[in-house]
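Trainee: Residues per chain are reported as follows:
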Amino acid sequence: MSDPSDGDGDIRENVGHQFDRLPETADDREVEGRPSRRAVLDWWEERFGVPPAVFEDHTFWEKGSGKVWAFAGSVPHPSTIEALGMTLLRVRQEHWKPTTDGVQRFGRHATRNVVHLDREAARRFVAGEDQDVEWDGDWGYLVVTHDIAGGAEPLGVGLYLHGELRSQIPKGRRRVLD
Amino acid sequence: MVLERYDPLVDDVAAFRAACERPLPSVVRVNTIKATVERAMRALDDEGEGYEQAEWNPELLRLDTRSPGNTWPYYHGWLYGQEEVSALPARVLDPQPGERVLDPCAAPGSKTTQLAALMDDTGTLVANDSNLGRLSALRSNAERCGVTNLAVTHGDARNFSLKPFDMEAFDRVLVDVPCSCEGTIRKNPDTLDEWSLSHVEGIAGVQRGILERAVQVTREGGTVVYSTCTFAPEENEGVLDWVLDREDCRLVPFETNLETRPGVTEWNGETYDESVEHARRIYPHLNDTGGFFCAKLEVGT
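In order, the protein sequence lines correspond to chains V and U. Using the numbering used here, you'd call the opening residue of the first sequence number 1 and step up by one each time. Using the numbering used here, you'd call the opening residue of the second sequence number 1 and step up by one each time.
Honestly, the hints are just simulated from the structure, not real lab data. Check before you lean on any hint, since a few could be wrong.
Some chain U residues close to chain V (C-beta under 8 Å, calculated; not the full set) [to be verified]: (1) N70; (2) H76; (3) E143; (4) G146.
As the structure is a computational prediction, the values presented were derived from the model and not from experiment. We treat Cβ as the ideally placed atom computed from N, Cα and C, and that holds for glycine.
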C-alpha cells in the first residue's frame, strides 16, 4: 500500500456524494486524507476515554469532505444513498470535532475532557451562550454534561478556550429552557 | 361537508362529528434508544410537567403542556411528538432486532424512529421518501433520536430499488402512504377545504402502486403493514382489494387494545374481498385520537 506522497497514482481523491467505508488502518488507505477506523477509535479513546468496544457494532463511512458517519446496519461499499446512520465526527481539519448528535448518543461513555454543568449553566449552554467556566483540563472540544432524572447526560459539544466555554449547539437545536 | 359521506360507516355520528371538531391532545412517544420510559417520566416529573400514560402503549405519554419541545427530555432526544394513533402501525409491524425493514414513505420520521427503537437500533432499517425537503427533516429527527441503523434513500416508492442494498428482500415493510388525510382534521382543520373525489381517486392509484411494490420487495412469509390517516374506503379497503387480486399475499388479523371497527366490504356500490374485515378503522371519537386505518398482510403463504 502506498503513501500519498509517493505519487504512484494509487491514491484516489475523495468523492463527495458517495459513502465510502473507512479503511481499517492507515496502511489500507486508498483515498487521500481519509482517516482509518483505527484512527477514529483511537481518537475517541484518547480524547474522551470512550472505549473502542462502544463502536463494535458500527461501521464508519465518509461522505462529504471529512464528514464521518456511524452506521449499525449493512450496505455494500461504496454507496450513493442519501444518509447512512448518523454523522459522528468532522475530520480533515486541524482539530477533529464530534457532532452534537454523536456526543448525545456516544458521549455518555466519556470519562475524559468532560465538563459537568449545573442547571443554570446548562440552560445557558443549550441557549447557545458562551460563558466563563472553571476548567483546568485540555483546551479544545469537550463533552458537556448535566444531571437529568438521576444521572449525568451529554448536552452536546463545547469549545473551551481562554477560560471560556463556547457553546457549539447548532442554531436549530438551541432552546430556552427552565 | 365531506365527513357526511361516512355517516353510513360510523355508529355514533354525533360523537364522531364532535370529536372531529375538538383539538387533539398533545402526545409524545418515549424514544427508547436514548431513555427508558421510567427515566423520561422522571425527567417530566422533575420539571413539574403533567402527563398520562396511554394504556394500550406505555411508551406514549399524553402531556398537559402544548409545547413538549421546550422540555429537557425533549432536548435530549428522549421524546418525539407523535399523534397517538399514528404509533399503531409500527407496533402492528412488530419489527425485531437484527431484521431488514423498509419504510418507503418515511418522512418526516415519527414512525421511522419508532421502528428503529423497536429494532433496538440494530439490523438494517431503510427509510425512503420522494421529497428531499421532508427527507432532510427525517434525517435531523433520526439523528436527534440517536438512530444509527438507518439508511436513507430518495425516490418514488412505486419503483423502489433494492439495488443499493446487499439483500434480496425485506423481512417487513411499513407502507404508511400519502393520503387525503381526513383523519388529521383535528390537527389541521383546513384539511378538508381542498378535498375532492378526483383527488381521492388519483391518490388511490399512487397508493396501489406503493403497496404493490412493497409486497414485491418483501420475503416469503414476511409482513407488510398498510396504513393511512383517512376514512375513504377508496384509499383503504379498495387499495387492499386491488393488491390482494394481483400479488401473492393475504390479510391477517391483529391484536390491539385500541377501540377499532373492522374494515368495510361494501362502499358506494363496490364490493371488496371479505378478508378486508381484518383491517381496522379508527374513528376520532373511539379513543380521542385522530382518524386512522391499518391493515396487516402476510406475503406469499
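Trainee: Can you verify the interface hint for H76(U): is its Cβ closer than 8 Å to any Cβ in chain V?
Mentor: holds (6 Å)
Trainee: Taking the closest Cβ pair, is E143(U) under 8 Å from chain V?
Mentor: Interface hint status for E143(U): holds (4 Å vs cutoff 8 Å).
Trainee: Against chain V, is N70(U) within 8 Å by beta-carbon distance?
Mentor: Check passed: Cβ of N70(U) comes within 6 Å of chain V, closer than 8 Å.
Trainee: Let's test the interface hint: is any C-beta of chain V closer than 8 Å to that of G146(U)?
Mentor: holds (4 Å)
Hint violations for this structure: none, all hints satisfied.
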